[in-house]
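Respectively, the protein sequence lines represent chains A and B. Using our numbering, read the first sequence as starting at 2 and increasing by one per residue. Using our numbering, read the second sequence as starting at 186 and increasing by one per residue.
Since the hints were derived computationally from the structure, they do not count as laboratory data. Built from N, CA and C at the ideal position, the CB exists for glycine as well. Watch out, some of these pointers could steer you wrong.
Claimed, not checked - Listed below are the simulated EDC-like cross-link pairs for lysine to aspartate or glutamate, each with C-alpha atoms no more than 20 Å apart in a straight line:
#, chain 1, residue 1, chain 2, residue 2
1, B, 341, B, 331
2, B, 341, A, 177
3, B, 235, B, 253
4, B, 341, A, 185
5, B, 341, B, 297
6, A, 259, A, 185
What the hints assert, rightly or not - With the Cβ distance kept under 7 Å, some of the chain B side facing chain A (calculated, not the full set):
#, residue
7, 274
8, 311
9, 313
10, 314
11, 317
12, 357
13, 361
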Amino acid sequence: MLIEVGNILRVRSLFLIVLPSLALLGAVMVSPSQAPSQASTPSAPSPQGVAAGSVPSPFGAQAQQAGLNIVVLDPAHGGTDSGARGTGGIRESEIVLDFAIQVRHALEAQGFQVVQTRQGNEDPSFDDRSATANAQRGAVFVTLHVSSTGVPGSARVYVNSELPPVTDSNGMIPWDRAQAPFLDLSRKLGDLVQGFLAQHFRGSPESAQTATVRQLRTTAAPAIAVEISSVTVGDRADLDRMAPGVADAIARGAAAFKPSYVVPNTRGGLQ
Amino acid sequence: MLLAAAIIFPILRGRMKRAARLQQQSEEQARRELTQPIAINPGDPRVKTKLFWASDSNDSTLAPVTVDLPLSNDPVLRAKQVLNTLLAGPVDAELRTLPPEAVLLAFYLLPDGTAIADFSEAMATSVPSGIVSEQLAVNSITRTLEANVPQVRRMKILIHGQEVETLAGHLDLTGTFVVNTNLAQTPQKPAPTPSRR
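Excised from the complex, chain B in its bound form:
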C-alpha cells in the first residue's frame, strides 16, 4: 500500500498542478480578450467623430473635439472604438475627463437601447472625488456616445462587472444615464421571445 501511495501521489500532484496552470491560462486568456483594445480597421469608413473633454482645466463644462476616425457600422464596436479613444485622452492632458489608467472592460447594447459599459476599478478609484469631476466624467461618456452612436438611448455604468453605489463617493451609479434624449422619452417594447415548436 505504501508503495502504491508513493507511485500514485506524485502522479496526482502533477495532474493538480497541470489543472491549475490550465485554469490560470484560461482566466488570463479571458482577461486578455476582454481588455484587448478594439483595433481600428482602416477599411472602415472614416467618420467625423465628436469626443467630449473638458473645455478648460478649471471649468466644469465639456467641449467637443472632432477627429476623423475609421468607425465600424456595428453600434457595439463603434461604441467601444469611441470610448477607447475617449479614454486615451486629449492632446492636452489637463483637459482629460477620465483617468488614464481606466479600461473599458466590456460594452453591451440591449434591444431597448440600454447600453451597459463596464469599466475597470481605476475608473472609480482614480476619478477625482467630487460632484463636479464625477459628473464631468459621466457627461463626457454620455455625450460622446450620443454624438456617435445614435442607437444608445441610456447607459448603465458598472465597475469591474459590479453595480456600485457611487463613482467616487458622490455621483449615483445605481440608475441609468440618459444618452439620447429624443429616443429615451419613447421606450421601445422588448423584442418578443421566439416561441418553441
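Just chain A, with the same shape it has in the complex:
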C-alpha cells in the first residue's frame, strides 16, 4: 500500500513509506546489489552528500539541492508516561520539555526551523513522533531523554543499532525499518553532537554509541537520542544547569552536520 508523505501522520500500522524523492534515497541508500558491501565498508559522502554507489537522481540535471533546514525535536515521554523518576520528584518528561525550550532557541539561532513532537504534557505514540519527522523534507530528528543511572552531569548520544538492510528497489522502505538507510548519517550526526557534549560535560564519551532505541527505528531521517544523566541528582537545579550546554552542543552539532546532508528538491518544491 502506497501512502503519500503528507498522510503519514495518520498511519497506524506497518505500511510501506513512499518517499517523495528517489533522489533522496539516492543520497543515502545503496542499490540492492551493493547493499552488503556498502554495509561492511561505508564510504565517505561526497561534498554533495551523496554516498558512492548510490542510485542516481531521477530528476536529472535540473534538480536543485536544498540543505538541512529543519530539526524535529522530540521531548520524550509525556502525559501519564513520566519516564524516569527521581526520589525528589524529578520527572524525565518535565525536564526534557524544559530542555527543549533552550535547545529550540539555540537551533533557531543557527538558522534552523524547529518542529517539536509535543509542546505540552501530551504523549504522542512512538509512530506519531516518527511521523512528524517523516513528513518533513530535509530534517534531522533529535529525541531528548534523562536517564535513571550514569555519571551525574554527563550526556550521551545514541544512534540506532544495525538494522536488516532495505532491499526494496521501488523507492519504498518498510515503516518498521525506516531508519535503516540513514544509519551512516545518523552516526555522523551523533558523533558531532557527542563531541560537543564532551567539551561541556566531563565524563561524557567522545563518540556516539549504538543502542536499539525504539524511537529511532521508525524515523526516516538522520536521528539521534540524547540522554542526560540523571534524575537521581538531589537538586533539580543540577540538571537545569546542563540545559545551555546541551542546547549548544545540539545546535553546533547540527550546524556542523549540515554540509553532509543535502536533500534534492523536486521541481517546483519548497525553496
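Since the structure of chain A is provided, determine the placement of chain B on it from the hints.
Here is chain B on its own, set in the frame of chain A:
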C-alpha cells in the same frame, strides 16, 4: 418442583465450588511449575561460568565474573541455570544489572538458534528507566548466554508471555538481539517437517 430445586440447587453449587477450586489449583500448579528455580544438579560437571554484571556502579560497561557452577549439557537447562544465577545477582548489589524481583518464567530454544526468554513483569517495571540502564540489562543477558550457551544465536525477550514495545520506555524489544555474532551471520534453514505416511 420447589422440593426438587431445593435438593438440586445445593448440589449444583457444591459442584461449581469444587470445579473452581480445581481450576485454581491447576493454575496455581502451572504457575509454580513455571517459576520453580532450576535445581543445580551436583552431578553435572562443574564449569567455569562467565556472568556479566556492571563493572562499576556508575559505568555503562559490563565486566565478566567467573564462577564454578555445575551446568547441564542440555542447552535449554544450561541457559536457565545461568540466567537464574545472573538474576540472583552479584555479591555487590550495586553492580546488579537485572532487578532482584524479576523471574525467568520460561526459556525456549528453536532449531535455528533463536532463544525466547520470558521474564516476569518485574523485568519491565523494575529496571531503571533509561537507554543506558535498559541496554545494560539486555547486554548482560546476551553476553552471559553467548559465553555459556553457544547454541543460542539470537534472543527474543518476552514479558509475561507477551511481546512488548520497550523494556522500560526506551529499548526496543520488538526484534531479536544477536547473541552469538559468528553464528548469527549464517542463519540455518529450518529443520524439514517429517512427511506423513
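Check: Which earlier hints turn out false for this structure, listed by number in ascending order?
Finding: Hint check: 4, 7, 8 and 13 fail, others pass.
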